[in-house]
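> Here are the chains, one letter per residue:
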Amino acid sequence: MGAITLQRLLLDSKGLERCPFPIPTGWFFVDYSDTLKPGELRNVHLFDQEWVLFRTEGGQVGLSDPYCPHLGAHLGHGGKVVGENLRCPFHHWEYDTAGFCKQIPYAKVMPPVTKKQAILRTLPMTEKYGLIWAWFDPQCEAPSWQLPHIPEMEDAGYACTRRGTWPVNTAIQEIAENGVDFAHLKFLHGAPGIPPAVVNFEKHIIDINMASGYIVGRGYGPGLNVFQFTQEGISSTMISYTQPITAERSQMNMSFRYKDYPEGSKELHISKKLVDHMIGAAEGEESAGFESVDFVVWNHKKYRPNPLLCDGDGPILQYRKWFKQFYTAADTDTLAKV
Amino acid sequence: MAEVRVTGRDGSERRLEASNGIALMDTLRDAGTGVEGTCGGACACGTCHVYVAQNWVDKLPPKSEDEQMMLEAIGELVEVRSTSRLSCQIQISDTLAGLALEIGPVP
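Chains as they are written, first to last, in numbering that gives the first Met the number 0: chain A, 0 to 337; chain B, 0 to 106.
Only chain A is shown next, with the shape it has when bound in the complex:
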């Protein structure tokens, strides 16, 4: 890449897109486990399409393509959970959570393909941290990694039920890019300086250590990030699980956790203040959390595949190269734009 000409900058700007990204591959949050009772089903919009979310009588969770492989009826409009299966309203064909057709009430012979393979697209599912997760891969490939153990969400000794959800008009790659854009912390968030930071990329994991341990974050693919904020030896944890709704729309979701400190203790006070600071304004802090400042940029920016970067910018390009691994089915033209 040679020197940038003004003409190229102008031409680039005219052709920029807001979100040229495909839906990335990975584990994504679907909903909170306690919102889906056995026998319940509902339609959800995720990964740029509609899906039918259901829980069997036995408690297994399923996320299925809405349209019956038989004659195309929408399983989420009139369909029903029957035992361990999802039943189509049209002819009562039944499917299990893995997409296998288990029952055709009037066929004398089940089509052999139904024994060989799934015929309805369903996503691999798991429940962890009290959350329902789906593995999305555009080509229906099986999960290539598993969700980690998160002590703050799974072990005894932690507290806080605070969580939040925020819609944002951009793609996950753009949201998470701010995690390696250290300069914006000073200018957009108002931090006292550009924090020193170290970033490591390893397979599907990204590690970020900002301001010598003040913020330590780990991302697991595009759908899960765990950030620990530490002050005076006290840590609070932000567990962030953003959903790709469409190519240009995401839903940010976060849980906040800290140690189960006694009511009225200094430790609890610091823990709570750290959570306040992650989200927005906090007492005694000059800088602002994401809620007050990041959305205005995310909601209106365009993506520059060939940005002009200067010294002091973070490892934006390394981050983008790392993120490309999640566009598992993208062709060369698409990859050139992301």
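The set of hints was computed from the structure by calculation and includes no laboratory data. Any given hint could be a false lead.
Straight-line distance between alpha carbons at most 30 Å, and here's what the computed DSSO-like set of lysine-lysine pairs gives [what the hints assert, rightly or not]:
{"no.": "1", "chain 1": "B", "residue 1": "62", "chain 2": "A", "residue 2": "114"}
{"no.": "2", "chain 1": "A", "residue 1": "185", "chain 2": "A", "residue 2": "323"}
{"no.": "3", "chain 1": "A", "residue 1": "115", "chain 2": "B", "residue 2": "62"}
{"no.": "4", "chain 1": "A", "residue 1": "127", "chain 2": "A", "residue 2": "202"}
Chain B stretches covered by chain A per the calculated footprint, using a threshold of three residues with CB under 8 Å from any CB of chain A [unchecked claim]:
{"no.": "5", "segment": "31-44"}
{"no.": "6", "segment": "66-77"}
Note that the Cβ used here is the ideal one computed from N, Cα and C, for glycine as well.
Position chain B relative to chain A; hints supplied.
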């Protein structure tokens, strides 16, 4: 174009003109032989079952795994023989001129 000699389920004999490039099932269905071909060639319904004449078995393209599985599946309900085929899996060409078959039983 190939002339096909068909024995119906009632034992009646017919000669049908089958067009090249389409499935034998289509010709049999359109001629009202009782072949239904409900699934359209997906090896999912078994309603186009025929018995081909013994001397034609080796002249036809071999059965795919899907056809074999469908024949085995209907075998639990009707008589399936070594000469059984799904007529939706047989594409007509000149080389099939004279093919003799009997419309098979279906589930």
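> Against this structure, judge whether each hint is valid.
To see whether the hints hold, each was checked on the structure:
Our distance criterion of 30 Å between C-alpha atoms is met by residue 62 (chain B) and residue 114 (chain A), whose separation comes to about 19 Å. Distance restraint check for residue 185 (chain A) and residue 323 (chain A): the Cα-Cα separation of roughly 27 Å lies within the 30 Å cut-off, and the hinted pair is therefore satisfied. Restraint check for residue 115 (chain A) and residue 62 (chain B): the C-alpha separation of about 17 Å stays at or below 30 Å, so the hint holds. Simply put, residue 127 (chain A) and residue 202 (chain A) have alpha-carbon atoms about 22 Å apart, close enough for the 30 Å limit, and the pair holds.
Note: the segment 31-44 of chain B has 5 residues with beta-carbon separation from chain A under 8 Å; the three-residue rule is met and the coverage holds. Closer than 8 Å: that is the beta-carbon criterion, and the segment 66-77 of chain B has 7 residues meeting it against chain A, so the requirement of 3 holds.
Against the hints set out earlier in the document, no violation occurs for any number.
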